[in-house]
Amino acid sequence: MREFRSGSSRVLITTDLLARGIDVQQVSLVINYDLPTQRENYIHRIGRGGRFGRKGVAINFVVEEDQRTLKDLEQFYNTQIDEMPMNVADLI
Numbered sequence: 001m002r003e004f005r006s007g008s009s010r011v012l013i014t015t016d017l018l019a020r021g022i023d024v025q026q027v028s029l030v031i032n033y034d035l036p037t038q039r040e041n042y043i044h045r046i047g048r049g050g051r052f053g054r055k056g057v058a059i060n061f062v063v064e065e066d067q068r069t070l071k072d073l074e075q076f077y078n079t080q081i082d083e084m085p086m087n088v089a090d091l092i
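Going by UniProt numbering, the sequence shown opens with residue 1, and the numbers climb by one from there.
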């Protein structure tokens, strides 16, 4: 974690354990390999990207079994989580 905070490591792989409390300025991309088990943790996970006035992107890997959880997150946060475009550069 120290290397990630200092910028000497550019990748941090974590779980729901670190969904809260990571306050690192240079995070611009969050990839959720799986959706959080508690929907309140979703905003804490994706909130790492785009902080301090910067633009950020969150990508969720979603399989068929996750569709219900994804819909629940959309309803809970009153938002729509769009499918990733074919041209990923459009996100940035």
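Treat the hints loosely; a few may be bogus.
Claimed, not checked - Derived DEER-like restraints, expressed as beta-carbon distance ranges:
id, residue 1, residue 2, range
1, 41, 9, 21 to 31 Å
2, 83, 2, 35 to 45 Å
3, 9, 59, 13 to 23 Å
4, 9, 64, 12 to 22 Å
5, 90, 61, 10 to 20 Å
The hints are simulated quantities; they were obtained by calculation from the structure and are not laboratory data. Predicted model only: the values in this text are computed from it and were never measured. Every residue gets a Cβ at the ideal spot worked out from N, C-alpha and C, and that includes glycine.
Status of each hint after checking the structure:
1. 41 with 9: 21 to 31 Å: At 23 Å between Cβs, range holds.
2. 83 with 2: 35 to 45 Å: For residue 83 and residue 2 the Cβ distance comes to about 36 Å; the hint holds.
3. 9 with 59: 13 to 23 Å: Given a distance of about 20 Å, which is inside 13 to 23 Å, the answer is holds.
4. 9 with 64: 12 to 22 Å: violated, 34 Å
5. 90 with 61: 10 to 20 Å: At 19 Å between Cβs, range holds.
Of the numbered hints given earlier, the model fails hint 4 alone.
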